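*Asks:* Since the structure of chain A is provided, determine the placement of chains B and C on it from the hints.
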Amino acid sequence: MEFTVNQVAELLNGKVEGDGSLKVSRLDKIQEGKPGSISFLSNLKYEPYLYTTQASAVIVQEDLKPSKAIHTNLIRVKDPYSGFTQLLEAYALMIRADKSGVEQPSFMDESSIMGENGYRAAFSYIGKNSVIGNNVKIHAQAVIGDDVSIGDHCIIHPGARILNQSKIGNHCEIHSNAVIGSDGFGFAPQSDGTYKNIPQLGNVVLEDYVSIGAGTTIDRATLGSTVIKKGVKIDNLVQIAHNVVIGENTVIAAQAGISGSTEVGKNCILAGKAGLIGHLKIADRTTIGANTGISKSIIEEGTTVHGYMGFKIKDFLKSYAIFKKLPELQNKMIDLEKKL
Amino acid sequence: MEFTVNQVAELLNGKVEGDGSLKVSRLDKIQEGKPGSISFLSNLKYEPYLYTTQASAVIVQEDLKPSKAIHTNLIRVKDPYSGFTQLLEAYALMIRADKSGVEQPSFMDESSIMGENGYRAAFSYIGKNSVIGNNVKIHAQAVIGDDVSIGDHCIIHPGARILNQSKIGNHCEIHSNAVIGSDGFGFAPQSDGTYKNIPQLGNVVLEDYVSIGAGTTIDRATLGSTVIKKGVKIDNLVQIAHNVVIGENTVIAAQAGISGSTEVGKNCILAGKAGLIGHLKIADRTTIGANTGISKSIIEEGTTVHGYMGFKIKDFLKSYAIFKKLPELQNKMIDLEKKL
Amino acid sequence: MEFTVNQVAELLNGKVEGDGSLKVSRLDKIQEGKPGSISFLSNLKYEPYLYTTQASAVIVQEDLKPSKAIHTNLIRVKDPYSGFTQLLEAYALMIRADKSGVEQPSFMDESSIMGENGYRAAFSYIGKNSVIGNNVKIHAQAVIGDDVSIGDHCIIHPGARILNQSKIGNHCEIHSNAVIGSDGFGFAPQSDGTYKNIPQLGNVVLEDYVSIGAGTTIDRATLGSTVIKKGVKIDNLVQIAHNVVIGENTVIAAQAGISGSTEVGKNCILAGKAGLIGHLKIADRTTIGANTGISKSIIEEGTTVHGYMGFKIKDFLKSYAIFKKLPELQNKMIDLEKKL
Numbered sequence: 438m439e440f441t442v443n444q445v446a447e448l449l450n451g452k453v454e455g456d457g458s459l460k461v462s463r464l465d466k467i468q469e470g471k472p473g474s475i476s477f478l479s480n481l482k483y484e485p486y487l488y489t490t491q492a493s494a495v496i497v498q499e500d501l502k503p504s505k506a507i508h509t510n511l512i513r514v515k516d517p518y519s520g521f522t523q524l525l526e527a528y529a530l531m532i533r534a535d536k537s538g539v540e541q542p543s544f545m546d547e548s549s550i551m552g553e554n555g556y557r558a559a560f561s562y563i564g565k566n567s568v569i570g571n572n573v574k575i576h577a578q579a580v581i582g583d584d585v586s587i588g589d590h591c592i593i594h595p596g597a598r599i600l601n602q603s604k605i606g607n608h609c610e611i612h613s614n615a616v617i618g619s620d621g622f623g624f625a626p627q628s629d630g631t632y633k634n635i636p637q638l639g640n641v642v643l644e645d646y647v648s649i650g651a652g653t654t655i656d657r658a659t660l661g662s663t664v665i666k667k668g669v670k671i672d673n674l675v676q677i678a679h680n681v682v683i684g685e686n687t688v689i690a691a692q693a694g695i696s697g698s699t700e701v702g703k704n705c706i707l708a709g710k711a712g713l714i715g716h717l718k719i720a721d722r723t724t725i726g727a728n729t730g731i732s733k734s735i736i737e738e739g740t741t742v743h744g745y746m747g748f749k750i751k752d753f754l755k756s757y758a759i760f761k762k763l764p765e766l767q768n769k770m771i772d773l774e775k776k777l
Numbered sequence: 438m439e440f441t442v443n444q445v446a447e448l449l450n451g452k453v454e455g456d457g458s459l460k461v462s463r464l465d466k467i468q469e470g471k472p473g474s475i476s477f478l479s480n481l482k483y484e485p486y487l488y489t490t491q492a493s494a495v496i497v498q499e500d501l502k503p504s505k506a507i508h509t510n511l512i513r514v515k516d517p518y519s520g521f522t523q524l525l526e527a528y529a530l531m532i533r534a535d536k537s538g539v540e541q542p543s544f545m546d547e548s549s550i551m552g553e554n555g556y557r558a559a560f561s562y563i564g565k566n567s568v569i570g571n572n573v574k575i576h577a578q579a580v581i582g583d584d585v586s587i588g589d590h591c592i593i594h595p596g597a598r599i600l601n602q603s604k605i606g607n608h609c610e611i612h613s614n615a616v617i618g619s620d621g622f623g624f625a626p627q628s629d630g631t632y633k634n635i636p637q638l639g640n641v642v643l644e645d646y647v648s649i650g651a652g653t654t655i656d657r658a659t660l661g662s663t664v665i666k667k668g669v670k671i672d673n674l675v676q677i678a679h680n681v682v683i684g685e686n687t688v689i690a691a692q693a694g695i696s697g698s699t700e701v702g703k704n705c706i707l708a709g710k711a712g713l714i715g716h717l718k719i720a721d722r723t724t725i726g727a728n729t730g731i732s733k734s735i736i737e738e739g740t741t742v743h744g745y746m747g748f749k750i751k752d753f754l755k756s757y758a759i760f761k762k763l764p765e766l767q768n769k770m771i772d773l774e775k776k777l
Numbered sequence: 438m439e440f441t442v443n444q445v446a447e448l449l450n451g452k453v454e455g456d457g458s459l460k461v462s463r464l465d466k467i468q469e470g471k472p473g474s475i476s477f478l479s480n481l482k483y484e485p486y487l488y489t490t491q492a493s494a495v496i497v498q499e500d501l502k503p504s505k506a507i508h509t510n511l512i513r514v515k516d517p518y519s520g521f522t523q524l525l526e527a528y529a530l531m532i533r534a535d536k537s538g539v540e541q542p543s544f545m546d547e548s549s550i551m552g553e554n555g556y557r558a559a560f561s562y563i564g565k566n567s568v569i570g571n572n573v574k575i576h577a578q579a580v581i582g583d584d585v586s587i588g589d590h591c592i593i594h595p596g597a598r599i600l601n602q603s604k605i606g607n608h609c610e611i612h613s614n615a616v617i618g619s620d621g622f623g624f625a626p627q628s629d630g631t632y633k634n635i636p637q638l639g640n641v642v643l644e645d646y647v648s649i650g651a652g653t654t655i656d657r658a659t660l661g662s663t664v665i666k667k668g669v670k671i672d673n674l675v676q677i678a679h680n681v682v683i684g685e686n687t688v689i690a691a692q693a694g695i696s697g698s699t700e701v702g703k704n705c706i707l708a709g710k711a712g713l714i715g716h717l718k719i720a721d722r723t724t725i726g727a728n729t730g731i732s733k734s735i736i737e738e739g740t741t742v743h744g745y746m747g748f749k750i751k752d753f754l755k756s757y758a759i760f761k762k763l764p765e766l767q768n769k770m771i772d773l774e775k776k777l
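Residue numbers (this note's numbering), protein chains in the order written: chain A, 438 to 777; chain B, 438 to 777; chain C, 438 to 777.
In isolation and in its complexed conformation, chain A is listed as follows:
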């Protein structure tokens, strides 16, 4: 499908500078733009590419003042990044075939029901007494267990596992090989050094607009629910243990891990590989740095913490700067001792 630069500008409520009649059919990064593609400039670090790109048009800030001659055409908008995202969405709708119907062989127990306009791929599996809403796409090899509920407009990618009793809201996306509702890691130590399995009878609840990354594991609660609240976005290979609660709109990057019963507030950010021990409370709007371990609750809202056993990032960075110079500090100490 092709559009003119003018048509794109109209869609984005922008103003064309240059040839609006040119045709574009592809989206490219500005440094990789080719004739026929449209790109965008948001982070000014990439401005040099504006003067060399071969893209047919570039979406830019409405008040951008180019510092050199421009060989492409501009679409000026309020927010180029949002504008481009809008285009991406339109483009995604165009190119992504909307799968529907039922491929065979697939398996759905006769006690389960599925709403309208759904898709069940070959080798997808749905157990007993599960209720699945409208516009839900269940891809190849996905497993939906027994007594599961899934709302409307959800996408369950290939190989995702949504185990017994899980409750999934509307507009959720579960990526490939994620596991929702595996048993919590609960073992009672016995006097002879062995461990006895503690049955995990709770479940996992995902509210609306939750996204779960590929290979991520979310354990069911021992009792009650492990809860991922509305709008939470979780990246790949993250571990969420039993009885954890994640507040609304919190974002968790890849390979982070949260131990049992910890409650993370709203609008927090956990960077990659962050680790939290169990039974903590993390205040709203906390930012936890990459590879940061947290072993105490965080009370103050809006704090940014960092470090091996994380504390306030400003303090951590000061200490770490000196850590790097410890040999120097030690030498000074030895000098001082000699002088005395």
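Because the hints were derived from the structure by calculation, they are not lab data. Since we're looking at a predicted model, the values are computed, not measured. Do not take every clue at face value.
Given that identical chains are not distinguished, each listed pair holds provided it fits within a single copy or across any two copies.
[Claimed, not checked] With a straight-line Cα cutoff of 20 Å, these simulated SDA-like cross-link-like pairs (lysine to any residue) come out: (1) Lys574 with Gly538; (2) Lys460 with Asn443; (3) Lys460 with Thr441; (4) Lys667 with Gly630; (5) Lys733 with Gly455; (6) Lys574 with Asn601; (7) Lys755 with Gln767; (8) Lys536 with Lys574; (9) Lys749 with Ser537; (10) Lys460 with Ala529; (11) Lys633 with Asn704; (12) Lys755 with Asp516; (13) Lys466 with Gln767; (14) Lys703 with Glu547; (15) Lys718 with Glu738; (16) Lys762 with Thr741; (17) Lys565 with Pro542.
*Replies:* Below, chains B and C alone, put in the same frame as chain A:
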């Protein structure tokens, strides 16, 4: 199903204080107790909830002396936590449908055999020459490779992979999407900078009562076996490399990783995200802290280590306390230098 | 199958010392050698086993001078490790059944094509418009999406997911439950604190001779491609984010993670649990230590870095040695202050 408080007390060998004729049908955490549910108080941190809970009964320590008025009924027992675990088990048996039989389509090569009272879900796959014991439940999408043996009373959860030549003992549980028997990461560097694949011809052996978490990967040995001994419990997203040996009753928390040929002793605890380099020996009863990296063997039994390149936890915490105050230490140093 | 020690020596271009007529049928580690097995001695740390092993023959360095009496037979070669690897390969060819044909039920959309001498296991799934080369083995439960291309001589292990638009070269091996082409983690923050999904329209490209470990996740690019270049070897449970580029012959150990748009050079080594933030450039031949976090680009080729926020390993180890002695350093400081 419903029981009276008296019936539960009898089961737990406990003593009722209050109305033993009340009916209970659910298990809840004490802070979430509702009429009709039974709860427990073990960690005294939760004692305040004893005075506000709406649970119909709470299992408590036999010698507990309440400090306020109580509006629920008590069941006094020796060990409330064990008692509650016992109830959980009874409850689990009641609510977990015991699946059996064969769903179609499923695949089992005619050279393989499976014992009595088993379950093979739709889309489960069993390769050639595999031998599976009695009371084994193989859930949807699980793969059992060629020449695999599995003992009695095992549960293979949806999407678990038990690859060729693996040997699984009795009473083992393999959670969703775990991979047992993937190739070890072995590549021989060549003079031109490329790497040549080293065939991985060994296998993985799991002894009895082993539990493997969701998404965990255990690589086969290059030669011989990667061995997970009796009673070992491994959490989610853990990596066990080729030729590793894990001693009896060792517990490994989520996202820990153990490199090739390392041998971990008995009754050890590895906390979340712990990492061990290859070819180490870790003494029995070692505890390795969260996010702790280990680059040397640990000889002394019963040691607790912690830190980025972990050492004894007492020493680590002392050093880390000063690390946090390094800016102060540096300032003192500067003052001293000025004074001289 | 059985060979004589003489036959093995001939294969390896080696010289027999002892009884060349003995028959061997198995490969064992030297410390586990039994009559009828052949072993090797490369790392001299294992030399003591040479004098006690029950293996029928041991492959050793051509100039090895035993320090004690030897009760086994030797095959002297230039490089015992390479020689043994050669044997492993020959042995692997012998014992690994070469699967071919199509097991049922399996699913391949009629618009997709597959070359000669392939294997499609039961419950494998191939979507629309995918093109698969010759000698490709697709094991049980593997999913190949739409518009995927796979070259010749690839092995797709059970449960691996190769999602829409991925391009896989020749001689690639994708281990169990790896996910190639999951969505990049891209969400645009909105003014009300929620996040909006940014469509991920790019793909993943794996060049020739790439190996991807079990449970590893590689995200598709937002636009363009996430690229894993020729000869790259990636271990288990590794996370590769959108738009990352990994240079030729780079090796990445288990549980490492690389954030979006970072470019890693050629012939680098990332040890286990290494973590790189986004938008970095890492020079060729960089070595990044275990559990090391990298937050800045590395310009100088051939550098080895280590530490929590990694810097040059020599400097890190110096600083860390003093970190361990910080309590002592602080005490000295207090003494100095008192003296003044």
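*Asks:* All the hints need checking, so say for each whether the structure fits it.
*Replies:* Verification of the hints:
{"no.": "1", "hint": "Lys574 with Gly538", "result": "within (9 Å within a copy, 29 Å between copies)"}
{"no.": "2", "hint": "Lys460 with Asn443", "result": "within (9 Å within a copy, 72 Å between copies)"}
{"no.": "3", "hint": "Lys460 with Thr441", "result": "within (4 Å within a copy, 72 Å between copies)"}
{"no.": "4", "hint": "Lys667 with Gly630", "result": "between (42 Å within a copy, 11 Å between copies)"}
{"no.": "5", "hint": "Lys733 with Gly455", "result": "neither (57 Å within a copy, 39 Å between copies)"}
{"no.": "6", "hint": "Lys574 with Asn601", "result": "both (19 Å within a copy, 15 Å between copies)"}
{"no.": "7", "hint": "Lys755 with Gln767", "result": "both (17 Å within a copy, 11 Å between copies)"}
{"no.": "8", "hint": "Lys536 with Lys574", "result": "within (7 Å within a copy, 27 Å between copies)"}
{"no.": "9", "hint": "Lys749 with Ser537", "result": "neither (50 Å within a copy, 54 Å between copies)"}
{"no.": "10", "hint": "Lys460 with Ala529", "result": "within (19 Å within a copy, 56 Å between copies)"}
{"no.": "11", "hint": "Lys633 with Asn704", "result": "between (38 Å within a copy, 14 Å between copies)"}
{"no.": "12", "hint": "Lys755 with Asp516", "result": "neither (36 Å within a copy, 48 Å between copies)"}
{"no.": "13", "hint": "Lys466 with Gln767", "result": "neither (50 Å within a copy, 47 Å between copies)"}
{"no.": "14", "hint": "Lys703 with Glu547", "result": "neither (40 Å within a copy, 48 Å between copies)"}
{"no.": "15", "hint": "Lys718 with Glu738", "result": "within (11 Å within a copy, 34 Å between copies)"}
{"no.": "16", "hint": "Lys762 with Thr741", "result": "between (24 Å within a copy, 18 Å between copies)"}
{"no.": "17", "hint": "Lys565 with Pro542", "result": "both (17 Å within a copy, 17 Å between copies)"}
Checked against the numbered hints given earlier, the structure breaks hints 5, 9, 12, 13 and 14 and satisfies all the rest.
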